[in-house]
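When you get a sec, could you build the whole thing from the sequences and use the hints?
Protein sequences, first through last, are from chains A and B. Note that numbering that gives the first Met the number 0 has the first sequence beginning at 0, numbered continuously upward. Note that numbering that gives the first Met the number 0 has the second sequence beginning at 0, numbered continuously upward.
What the hints contain is simulated information worked out from the structure, not anything from laboratory work.
One copy or any two copies: either way a pair holds, since identical chains are not told apart in the list.
No more than 25 angstroms apart at the CA atoms, straight line, and that leaves these computed lysine-lysine pairs for BS3-like:
hint: 1; residue 1: Lys43; residue 2: Lys62
hint: 2; residue 1: Lys46; residue 2: Lys78
hint: 3; residue 1: Lys65; residue 2: Lys2
hint: 4; residue 1: Lys149; residue 2: Lys46
hint: 5; residue 1: Lys149; residue 2: Lys160
hint: 6; residue 1: Lys43; residue 2: Lys65
hint: 7; residue 1: Lys139; residue 2: Lys43
hint: 8; residue 1: Lys160; residue 2: Lys6
hint: 9; residue 1: Lys71; residue 2: Lys149
hint: 10; residue 1: Lys2; residue 2: Lys18
hint: 11; residue 1: Lys65; residue 2: Lys38
hint: 12; residue 1: Lys43; residue 2: Lys2
hint: 13; residue 1: Lys43; residue 2: Lys64
hint: 14; residue 1: Lys40; residue 2: Lys4
hint: 15; residue 1: Lys46; residue 2: Lys146
hint: 16; residue 1: Lys78; residue 2: Lys146
hint: 17; residue 1: Lys4; residue 2: Lys38
hint: 18; residue 1: Lys4; residue 2: Lys64
hint: 19; residue 1: Lys6; residue 2: Lys64
hint: 20; residue 1: Lys71; residue 2: Lys40
hint: 21; residue 1: Lys43; residue 2: Lys146
hint: 22; residue 1: Lys46; residue 2: Lys71
hint: 23; residue 1: Lys43; residue 2: Lys6
hint: 24; residue 1: Lys2; residue 2: Lys62
hint: 25; residue 1: Lys40; residue 2: Lys64
hint: 26; residue 1: Lys71; residue 2: Lys38
hint: 27; residue 1: Lys43; residue 2: Lys71
hint: 28; residue 1: Lys78; residue 2: Lys43
hint: 29; residue 1: Lys62; residue 2: Lys4
hint: 30; residue 1: Lys46; residue 2: Lys139
Number of protein chains: 2
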Amino acid sequence: MMKIKFKSIGEIYSPYDEKAGIPIQPVSALGIHGCIVLKDKFIKGIKDLDGFSHIILIYYLHKTKKSSLRVKPFLDTNKRGIFSTRSPARPNHIGLSVVRLIGIQDNHLIIENVDILNGTPLLDIKPFIPEIDCYDSDYKIGWFTSKVEKLNEMRSDGRFK
Amino acid sequence: MMKIKFKSIGEIYSPYDEKAGIPIQPVSALGIHGCIVLKDKFIKGIKDLDGFSHIILIYYLHKTKKSSLRVKPFLDTNKRGIFSTRSPARPNHIGLSVVRLIGIQDNHLIIENVDILNGTPLLDIKPFIPEIDCYDSDYKIGWFTSKVEKLNEMRSDGRFK
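This is how it looks when you write it as structure tokens:
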């Protein structure tokens with residue numbers, strides 16, 4: 000099986016030191032601030048980023064040790080296929096969050112709506128562009144349909160080790 | 000520097016064998032079909048995915064060898080910081096596309112709006128949920144603002160080696 004190697008480009012700092020109690024998505028973390036500390040060698044790469052209000056963070060879920068193909072998500076009582084959920088217990092522990100970019104100073108990026116564990120290694124930053132990332136007009140969201148209104152209040156109970 | 004290892008969970012097949020000529024985003028690839036062939040061992044993980052109309056693919060840009068912190072994107076004539084672009088020449092060669100899910104048969108996922116090179120190793124599938132991935136009402140998109148209308152017609156010229 001092909002092994003693919005990435006490196007951390009910086010770290011994400013947040014108020015959440017423990018998995019239990021963490022908001023499960025940015026939309027459950029409105030107003031929660033965090034900070035990205037980019038490694039100095041990548042500073043040239045954030046030129047022009049300050050014009051964007053939202054950025055996509057791709058990161059390594061470094062505190063998740065297990066993978067399961069069937070999981071009971073926070074929002075549901077049924078076991079679901081892992082790829083139909085946003086659970087961290089995926090075959091590759093890759094996290095994705097769209098956060099607000101509040102400001103940049105040197106290699107520090109202040110961000111808001113942070114649902115990410117403190118100290119998380121960052122793999123990539125992409126500008127969020129609704130015309131690219133949300134380009135269709137009609138979406139079906141499967142088992143989430145009846146659960147989506149609970150998103151705002153949901154917090155992790157730390158079930159995904 | 001922390002090394003992070005992932006494995007391919009399958010491959011993405013598309014009509015694009017060469018980087019030159021490939022649509023630069025799913026919105027430039029409307030109606031283009033492709034197929035994910037998931038490794039058999041992950042089949043249990045796609046249960047319930049068929050209820051979703053769109054999925055987020057995270058993949059390894061395996062044919063991109065170089066990284067640059069300043070790049071001239073396809074849509075622009077100025078050099079931009081790599082993290083303010085969607086260019087493949089990033090420090091970690093991670094690609095992200097939101098595609099339509101047309102159907103699933105065994106370990107085959109038929110997808111549409113495919114802007115991905117043939118044979119690309121897939122790292123993760125997440126269900127696309129507008130309430131999670133596009134939850135705000137007001138977005139600023141920096142240097143893209145005046146370029147975004149050109150998206151539909153844009154094709155790669157293969158500049159990112």
